[in-house]
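Asks: Letter by letter, the sequence shown follows residues 1 to 328 of the working numbering.
Careful: at least some of the hints might be erroneous.
SDA-like mimics (lysine to any residue), calculated; alpha carbons at most 20 Å apart, straight line [what the hints assert, rightly or not]:
{"hint": "1", "residue 1": "201", "residue 2": "183"}
{"hint": "2", "residue 1": "270", "residue 2": "164"}
{"hint": "3", "residue 1": "157", "residue 2": "223"}
{"hint": "4", "residue 1": "270", "residue 2": "197"}
{"hint": "5", "residue 1": "201", "residue 2": "180"}
{"hint": "6", "residue 1": "157", "residue 2": "266"}
Bear in mind the hints are in silico, worked out from the structure with no lab data behind them.
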Amino acid sequence: METIGTWWMWAGFFVIVLAMLAVDLFATGGGKSHRVGFREAAGWSAVWVGVSLGFAAALWFYLDGAVGREVANTKALEFLTGYLIEKSLAVDNVFVWLMLFSFFAIPLELQKRVLIYGVLGAIVLRTVMIFAGVWLISQFHWLLYVFGAFLLITGVKMWWFAEQTPDLANNPVIRWIRKHMNVSDELHGERFFVTREVAGKAVRYVTPLFLVLVLVELSDVIFAVDSIPAIFAITTDPFIVLTSNIFAILGLRAMYFMLAGMADRFSLLKYGLALVLVFIGTKMLLIDLYPIPVPISLGVVAVIITTSIVLSLRRDARQRAAEPVKQS
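Make a model of the complete structure from these sequences and hints.
Replies: Below you can see the structure in the form of structure tokens.
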């Protein structure tokens with residue numbers, strides 16, 4: 001499949017990713033039990049978005065000089081649209097992480113290690129799935145229609161079940177682990193496994209933090225299945241697909257800690273994400289009949305997400321104003 005990516009562009013991208021991961025894991029205290037506050041998380045979120053926009057600008061300048069303005073504009077817009085879509089859909093993943101940590105009562109300072117593995121797992125998983133998807137689409141063009149129908153149905157289901165909360169207590173994965181493994185009732189710092197002496201024998205137990213890690217990785221798989229087909233509605237260029245996806249993922253940890261204390265204020269965002277999936281699914285189904293231009297796709301997605309955020313904040317403000325004032 002055709003791509004703008006040369007060997008040195010791929011190499012440069014992977015160097016940037018490794019550097020960003022190193023900064024995220026070490027410079028921001030990723031290896032320590034450290035409570036990340038809103039201000040710190042917002043600052044790092046701005047850094048990750050800035051690096052992503054800088055990459056888009058560098059890509060545009062290079063393509064403008066190498067192959068012309070038209071290609072540069074097209075590819076830069078594809079990157080930005082893909083990045084916005086993946087970043088938006090990643091918010092739903094963040095909300096699921098918040099629910100998991102809340103259900104298992106994991107303190108904020110112990111969540112970082114799980115999120116590190118979650119982000120690393122998501123990068124590896126999506127890289128494999130993207131290259132597999134690119135190859136499949138290059139061999140079977142009709143798969144785009146399958147992806148489109150899948151996204152359309154997923155969007156409708158997300159809208160329909162937006163207010164429902166998953167029953168984690170009866171989650172089949174957790175039930176299987178509890179049935180086949182010894183599970184500790186309490187946390188042991190950042191440890192996933194502990195050893196206890198039972199009847200004179202050393203017995204290994206998994207901690208609740210391990211259960212959360214399993215569910216976080218499982219959620220990565222589920223959301224990758226939703227989000228990766230969405231990017232193919234914008235472009236099938238492997239370089240653009242992978243770079244926009246990975247850059248969106250790299251800032252997930254900072255986004256999580258930024259939203260940790262205010263997720264309930266975005267009550268309508270899930271409806272916006274559902275509309276994005278419906279729009280992207282429709283775009284894929286119309287790809288050979290009426291290809292919707294990338295600038296229009298970027299505008300539609302931006303308007304949907306912005307509107308859902310604004311309406312969520314207004315709704316939250318009205319609800320807070322309607323609450324009775326507590327007497328001291």
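Asks: Are the hints correct? Go through all of them and say.
Replies: The hints, checked one at a time:
no.	hint	result
1	201 with 183	holds, 16 Å
2	270 with 164	holds, 11 Å
3	157 with 223	holds, 14 Å
4	270 with 197	violated, 46 Å
5	201 with 180	holds, 18 Å
6	157 with 266	holds, 19 Å
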